[in-house]
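Visitor: Same order as they appear, the protein sequences are chains A and B.
The first sequence lines up with residues 167 to 322 when you count with my numbering.
The second sequence lines up with residues 556 to 1015 when you count with my numbering.
Please keep in mind that the hints were generated in silico from the structure rather than gathered at the bench.
Worth double-checking, as some hints may not be accurate.
[What the hints assert, rightly or not] Here are the simulated DSSO-like cross-link-like pairs (lysine-lysine), alpha carbons at most 27 angstroms apart as the crow flies:
1) 316(A) / 645(B)
2) 320(A) / 587(B)
3) 587(B) / 316(A)
4) 587(B) / 263(A)
5) 316(A) / 589(B)
6) 316(A) / 649(B)
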Amino acid sequence: MISYLTQICVIAMMFTYVTLFVNINQISIMEPITPGSYIPTEYLPALLLMAAAAAFASVSIFIGGIFRLRRPYREKLLPYESGNPVVGEPRDRFSVKFYITAMLFVVFDVEAVFLYPWALSFGKIGLYALVEMILFIIILAIGYIYAWRKEAFKWD
Amino acid sequence: MNIPFPDLTPAMPEVIMTSAAVLLLMLDLCFKNKALLALAGVITAGAVLYFLPVSMGETFGGMFISDRYSLYFKFIFMVNLILTILISIKYFQKQDEETGEHFSLLLFATSGMMIMASAKDLIVLYLGLELMALSTYVMAGLRRQNIKSNEAALKYFLLGAFSSALLLYGISLLYGMTTTTDIYAIADHINEIGSTHAFTAAMVLIISAFAFKIAAVPFHMWAPDVYEGAPSPVTAFMSVGPKAAGFAVMGRVLFVAFSEVQADWTAILIGISIATMAAGNILALVQTNIKRMLAYSSVAHAGYALIGIIAGTDEGLNAMMAYMMIYAFMNIGAFAIVILMNKGKEISDYEGLSKERPVAALLMLIFMFSLTGIPPTAGFIGKFNIFLAAVEAGYAWLVIIAVIFSAMSAYYYLRVVRNMYMREAKAPVIITRSLTLDFALLITAVMVVLIGILPSIIVR
Chain A
167 MISYLTQICV
177 IAMMFTYVTL
187 FVNINQISIM
197 EPITPGSYIP
207 TEYLPALLLM
217 AAAAAFASVS
227 IFIGGIFRLR
237 RPYREKLLPY
247 ESGNPVVGEP
257 RDRFSVKFYI
267 TAMLFVVFDV
277 EAVFLYPWAL
287 SFGKIGLYAL
297 VEMILFIIIL
307 AIGYIYAWRK
317 EAFKWD
Chain B
556 MNIPFPDLTP
566 AMPEVIMTSA
576 AVLLLMLDLC
586 FKNKALLALA
596 GVITAGAVLY
606 FLPVSMGETF
616 GGMFISDRYS
626 LYFKFIFMVN
636 LILTILISIK
646 YFQKQDEETG
656 EHFSLLLFAT
666 SGMMIMASAK
676 DLIVLYLGLE
686 LMALSTYVMA
696 GLRRQNIKSN
706 EAALKYFLLG
716 AFSSALLLYG
726 ISLLYGMTTT
736 TDIYAIADHI
746 NEIGSTHAFT
756 AAMVLIISAF
766 AFKIAAVPFH
776 MWAPDVYEGA
786 PSPVTAFMSV
796 GPKAAGFAVM
806 GRVLFVAFSE
816 VQADWTAILI
826 GISIATMAAG
836 NILALVQTNI
846 KRMLAYSSVA
856 HAGYALIGII
866 AGTDEGLNAM
876 MAYMMIYAFM
886 NIGAFAIVIL
896 MNKGKEISDY
906 EGLSKERPVA
916 ALLMLIFMFS
926 LTGIPPTAGF
936 IGKFNIFLAA
946 VEAGYAWLVI
956 IAVIFSAMSA
966 YYYLRVVRNM
976 YMREAKAPVI
986 ITRSLTLDFA
996 LLITAVMVVL
1006 IGILPSIIVR
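Looking at chain A on its own, in the form it has when it is part of the complex (with noise of 0.2 angstroms):
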């Protein structure tokens, strides 16, 4: 029963994954759209997808709910910590220095992010991107000389 249903399910992802494709080609090719008189009604099939994809979840885990086996004991009830046996609470207490080394990861992974974009329309751009990100780059090498001189990237 569960295999028919999950058939069912597959069906109709693959029925919105179809109407989806077949309107995104009709997107592309309609006119602009007139301000204020907007409804993204190409968005339907998305919509259909997501619906389809909760419905799918919550079905069969209620379905499997009903019909699997049920013998617990201790180590199976415990939290899942990669197979590792399990130490402490889960709510522990972590150090304040992880909040640092989370802070120059967005700061330098926010770089990497806008040299993607910067580097597909350097050549619509040209040499003023060139300056703006030499700019841009110097500008982030300080705040790098800064919280370095600062010991940020000291542990202890």
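Position chain B relative to chain A; hints supplied.
Guide: Quick look at chain B alone, frame taken from chain A:
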């Protein structure tokens, strides 16, 4: 197609300010003496003042404009910056938590404000606003060991992020309807197809975000806690700079983008203005902490200045700008006295100041009179101009309400004066003078009196 290099002349003051801020961050790592950084900051402000008059025009593809309006506000920001630097040097030395970042952040925040005043595009406006806001969040928490300072920074950050979200939502609604973020193009669009409910919704969201920055009711809740917790020089800076910047963008967005729907935003602002004056003045009556009192007074002053925008005329706008300039002098002056006192947190700490320190008491008297709006001080000229513009625009009834609240404010301002002159000191008053603080007090006091006598030097 290659994009040409933009003309940097109109943005030269911002370029100088931002480069100096970055440079100060590096100098902070090299020098132990933070007074050097302060000097560099003042020199930067001087350089910006020098470049301001020649920086007229538009640039960055019409997203950035430098006109007389932005020029006046940038002048206010420079006054604010210089005075704040002067009053902060000794303060941080005294607190034994000397941070060089303070000066760098001051410059970053100021460049954010300058970008806001010059924004011709809502995205540029948002960029400037965030640069200003993020710097001030950090500055509020500069006293890292002080729990109140931490509370101030956290509260300011959470509520500020919320208001930024409101602004972005408003901008995105406008963009969805007009497919542009250019303030002037939005105005053209509303001109063509007229206003809709969605436009009104976007306008309300944007006004809410600006009301947050100027600490107007019902977005004033952060002000007392943040003003009390932040280091005093930072409070002085925050009570003038971001407020003036908020008024700058409010004036430009409402007068340009929403000029067609003036009746709508006037109705909203009248409500905000009356509520702001009422809440600010009534809540200030019961304060015992002077920084909280000045915070509520700052809320009330936002209410008065809003009347200038409500008037909807050029005179009203000019009066609002002049008011911001005057407010910068008198409010920073009052904070300079608070910083001067070793123990000056409570209003009762000012008892008997006139006997022990007659000059400090006299200066505080001038600033309190000016904040009340008593002639011949600058505060009177500021309020008078705003009320005159409002009466001429037909809002005499609003002016009557404002005058009633203004009279009410005399109680809490003059209570400080009464404590200074008519009470005996319970404990000896100790003050820490420094050359820069004296200089800041001299400038503010002279300007407050001078504008009061010769208003033509500031009011066009």
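Visitor: Run through the hints listed earlier and report the numbers of any the structure violates, in increasing order.
Guide: Violated: none.
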